[in-house]
Structure formats: structure tokens, C-alpha cells
Amino acid sequence: MSADTLHIDVGAHALGLLEEPDRRAFEAHLAACPACHEELGALREVARMLDGVEPITDGWQARPETRVS
Amino acid sequence: MAHRAPAAPPATRESLPGPWSWFHGPRPAGDVDDQVIVTELYRVYGRPLLSFVLRLTGGDRHWAEDVVQETMIRAWRSAHQLDENAASLLPWLATVARRIVIDDQRRKNARPQEAGEGPLENMHVPDGLEDLLRSVVVSEALLALSPAHREVLNETFFRDRSVNEAAERLGIPVGTVKSRVYYALKSLRIALEERGVTP
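Chains as they are written, first to last, in the numbering used here: chain A, 1 to 69; chain B, 1001 to 1199.
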């Protein structure tokens, strides 16, 4: 797996979405990649913001009868 | 959308109009159709505001929808009080919605006194609602993502699925899911910063 591909994994790793082989490969890469280390910290903070938030499901519509006069 | 009246002074480079300046009064009759304003408020804030109000109404959706509608109408009537440079009107709308819920509750409890109509700009969301409001702002930021980015977060993080499982469900390569998750998080970070939330 190329370094570029591993770098992209930082997002999935921040959210805990990698399966075991990919997780190990990314962590091995992480130890040698200061850029990934820094970005992981930032993206983990974003991931933390998602805690307790409900997913957005598309399809919500404004009430059509809403009018002001 | 934000067509200005011909008589309005030209905006200087130092003071560009804020995102809601078109909404800000006074405006000539017929300049911006009222229905357009309310529709725009609903488009941008309807869903995050509803999710916020649903928690105040204990999940009563009909009541919550009525509260959102009343909030939007008050926002339209109070356009001159809104901060046209605010990155988001959501804190203002959430505060107004909370007041409406409290007033409704008082009415239901058959207590005659109403909350006073103090200046809206002086109202603050109490501490207990900060977390709630944060989650609503995050929801709003999620709405600002592209549908593909929102979808990939829904199919992975929000459903507790690995990128491999999500790739299988979506019928796309794992590498594409990883890439979308990465760019979705980066976009979300920017969307949060734009809304004054620093992750």
C-alpha cells in the first residue's frame, strides 16, 4: 500500500472505522509520518464533535403550508 | 438573491454585507418576497432548529413543528434586530424557540403570566443548553456537506460500520469510502469553523 493511500486512512482511523489489517498498517505508517500524526489529532477533535449527534437523513422538507402575511 | 435597492449606499471593501444582509431591514416593498425569506430560513435552519426544539418538547413533533414555524415568523418580523454579520442565525433562533416552548408550557399549566417581550438581542442561551446547541450546530454543519460526504458518514460512523462494510453496502471500492471519509471530515472541520465552533 502506498504512502498516499495510507495517508488517506487517517480520516477513517480518526473515526475508528478501519478493520484490523488496515488499522495495523496505518499505525505502523503513523509512527514514521509526522504529517499524519498532526492531522490525526485535528481530525480526532472533529470526530469528538460528532459524539451524541443524530445523523442527518436527507428528505426533510419545510412545511409547505407555512405562510406569513 | 440579495439584490439591493438602487438607493442603498454601495458596500465598501472594508464593510462587505454579511451573509444575511439581504434579510436585514429596511427594504422596499416587493424587494424580497416575504415567502422567499421564510422559505430561505427554513431551507438553511429548518432541520437543525427542529432537531433542537424536539428535545425541548420531549419528542412531541407536532408541537415542535409549530414552535419552529412561530420562530421563523418572529425572525422574519424581527429582521431589523438580527446581526447581519452573524455566521449563523441558529443561536438566535434557538433562543427564541426556547422562549416559545416555555410560554407554551406556561399556557398549558394554566398560569396567566407570560414571559415578557424583552429585547431579543439581550437573551442568552443558559449553560445547560450549550451542549444541546453545540449538537445542533454540528447537525447544521453536517447539512453543509455534500450529499456524498453526508452519505459516507451515515453509512460508516453513524451506523457503526467499518469502511469495508460500508463499501460493500454502497457497492464502491474501499479506497473510495476511505477517501470520502477523509474529505468529509476535512469539510466538516471547515464547516464547524465557519459556524464559530472550533473543533
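Please note that a few of the clues may not be correct.
[Said to hold, decoys possible] Chain A is nowhere near these chain B residues, computed Cβ spacing over 12 Å in every case:
| hint | residue |
| --- | --- |
| 1 | T1057 |
| 2 | G1058 |
| 3 | R1107 |
| 4 | V1197 |
[Unchecked claim] Covered by chain B, per the in silico footprint, the following chain A stretches (three or more residues, Cβ under 8 Å):
| hint | region |
| --- | --- |
| 5 | 7-14 |
| 6 | 17-25 |
| 7 | 31-38 |
Honestly, the hints are just simulated from the structure, not real lab data.
Quick caveat, the model's predicted, so the values are computed rather than measured.
Backbone N, C-alpha and C define an ideal beta-carbon position, used for all residues, glycine too.
Against the structure, the hints:
1. T1057: 15 Å, holds
2. G1058: 16 Å, holds
3. R1107: Holds, because the least Cβ-Cβ distance between B/R1107 and chain A comes to about 22 Å, which exceeds 12 Å.
4. V1197: 7 Å, violated
5. 7-14: Satisfied; 6 residues make the cut.
6. 17-25: holds (count 4)
7. 31-38: violated (count 0)
Violated hints, in rising order: 4 and 7; the structure is consistent with all others.
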